[in-house]
Structure formats: C-alpha cells, structure tokens
Amino acid sequence: MFEKVRDIIVDTLSCEMEDVTMEADLAEDLGADSLDAVELNIALEEQLGLSIADDDRPNMKTVGDIVRYLEALESKAE
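The sequence shown maps to residues 154 to 231 in our numbering.
FYI, nobody ran anything at the bench for these hints, they're computed from the structure.
The reader is advised that the hints may include incorrect statements.
The calculated label-pair distances, taken between Cβ atoms and stated as ranges, are [what the hints assert, rightly or not]: (1) Glu-169 with Asp-208: 27 to 35 angstroms; (2) Glu-171 with Asp-207: 26 to 34 angstroms; (3) Gly-217 with Asp-164: 16 to 24 angstroms; (4) Lys-157 with Asn-212: 17 to 25 angstroms; (5) Asp-182 with Lys-157: 18 to 26 angstroms; (6) Ser-228 with Glu-169: 24 to 32 angstroms; (7) Glu-171 with Asp-208: 14 to 22 angstroms; (8) Arg-221 with Glu-181: 13 to 21 angstroms; (9) Gly-184 with Lys-229: 29 to 37 angstroms; (10) Ser-167 with Lys-229: 16 to 24 angstroms.
Calculated cross-link-like contacts (lysine to any residue; reagent style SDA-like; alpha-carbon spacing at most 20 angstroms) [stated by the list, open to error]: (11) Lys-214 with Leu-203; (12) Lys-229 with Glu-171; (13) Lys-214 with Ala-190; (14) Lys-229 with Ala-185; (15) Lys-157 with Glu-171; (16) Lys-214 with Asp-178; (17) Lys-214 with Ala-230; (18) Lys-157 with Val-191; (19) Lys-157 with Glu-198; (20) Lys-229 with Asp-160; (21) Lys-157 with Glu-227; (22) Lys-214 with Glu-171; (23) Lys-214 with Ile-195; (24) Lys-229 with Leu-203; (25) Lys-157 with Met-213; (26) Lys-214 with Glu-192; (27) Lys-229 with Val-191; (28) Lys-157 with Leu-226; (29) Lys-229 with Asn-212; (30) Lys-229 with Gln-200; (31) Lys-157 with Lys-214; (32) Lys-214 with Asp-186; (33) Lys-229 with Asp-172; (34) Lys-214 with Leu-201; (35) Lys-214 with Ala-180; (36) Lys-214 with Thr-165; (37) Lys-229 with Gly-184.
Predicted model, so just to flag it, every value in this text is computed and none were measured.
Each residue gets a CB set at the ideal place from its N, CA and C atoms; glycine is no exception.
Can you make the complete structure from the sequences, with help from the hints?
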C-alpha cells in the first residue's frame, strides 16, 4: 500500500519520491496546503477505489496515517 500511496502523493503534490516516507508530514515536509490535501484525497479515492470519510481526513497528517487508514479500510472491505 505504501508504494501506491507514495506514487499518488508524488504525482499529486509534485514532490520528490525520496521525500515521501511513512513519517513525512504532508504540510511540513511535503508542502501540502489545504487545497493540495483535498486534491490528494480525491486522487487516492479515484485511484484506489476507496472512499475516505470527511470526518477522518483531518486525522491524516502524515503519509503513515494515510497508509494505515487505507489498509484498515481495505481490510474491512474484504
């Protein structure tokens, strides 16, 4: 899942692949603003075929937060 999320983040935020680590903070480390965060959520939903709840979005501050959230969603869907 990390590799998929990393590739989507690199494409959406136009950042360097090596900067996208599990610990990377979307705003502080990757330079994402609120509009970037919305665009990233849309890209994740479209490319992974999952739906991210609006209430959960503010809790996803790091790449690791996103990966763990999506893995949990994926396991619920199985």
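So, going through the hints one by one against the coordinates:
1. Glu-169 with Asp-208: 27 to 35 angstroms: holds, 31 angstroms
2. Glu-171 with Asp-207: 26 to 34 angstroms: Cβ of Glu-171 to Cβ of Asp-207: about 31 angstroms, so the range 26 to 34 angstroms holds.
3. Gly-217 with Asp-164: 16 to 24 angstroms: holds, 19 angstroms
4. Lys-157 with Asn-212: 17 to 25 angstroms: holds, 20 angstroms
5. Asp-182 with Lys-157: 18 to 26 angstroms: holds, 19 angstroms
6. Ser-228 with Glu-169: 24 to 32 angstroms: holds, 30 angstroms
7. Glu-171 with Asp-208: 14 to 22 angstroms: violated, 32 angstroms
8. Arg-221 with Glu-181: 13 to 21 angstroms: holds, 19 angstroms
9. Gly-184 with Lys-229: 29 to 37 angstroms: holds, 31 angstroms
10. Ser-167 with Lys-229: 16 to 24 angstroms: Distance hint for Ser-167, Lys-229 is violated at roughly 31 angstroms.
11. Lys-214 with Leu-203: Holds, because 18 angstroms separates the two Cα atoms, which is no more than 20 angstroms.
12. Lys-229 with Glu-171: violated, 30 angstroms
13. Lys-214 with Ala-190: holds, 9 angstroms
14. Lys-229 with Ala-185: violated, 28 angstroms
15. Lys-157 with Glu-171: holds, 14 angstroms
16. Lys-214 with Asp-178: holds, 6 angstroms
17. Lys-214 with Ala-230: violated, 23 angstroms
18. Lys-157 with Val-191: holds, 18 angstroms
19. Lys-157 with Glu-198: holds, 12 angstroms
20. Lys-229 with Asp-160: violated, 23 angstroms
21. Lys-157 with Glu-227: holds, 13 angstroms
22. Lys-214 with Glu-171: holds, 18 angstroms
23. Lys-214 with Ile-195: Holds - the C-alpha atoms of Ile-195 and Lys-214 are around 16 angstroms apart, at most 20 angstroms.
24. Lys-229 with Leu-203: Satisfied, since the Cα-Cα distance of roughly 11 angstroms is no more than 20 angstroms.
25. Lys-157 with Met-213: holds, 16 angstroms
26. Lys-214 with Glu-192: It holds: about 14 angstroms lies between the C-alpha atoms, which stays within 20 angstroms.
27. Lys-229 with Val-191: The hint is violated at about 23 angstroms.
28. Lys-157 with Leu-226: holds, 15 angstroms
29. Lys-229 with Asn-212: holds, 19 angstroms
30. Lys-229 with Gln-200: This hinted pair holds, its Cα atoms lying about 18 angstroms apart.
31. Lys-157 with Lys-214: holds, 17 angstroms
32. Lys-214 with Asp-186: This hinted pair holds, its Cα atoms lying about 11 angstroms apart.
33. Lys-229 with Asp-172: Violated, at roughly 30 angstroms.
34. Lys-214 with Leu-201: Holds. Lys-214 to Leu-201 sits at ~19 angstroms (cutoff 20 angstroms).
35. Lys-214 with Ala-180: Distance of about 8 angstroms is within 20 angstroms: holds.
36. Lys-214 with Thr-165: holds, 16 angstroms
37. Lys-229 with Gly-184: violated, 31 angstroms
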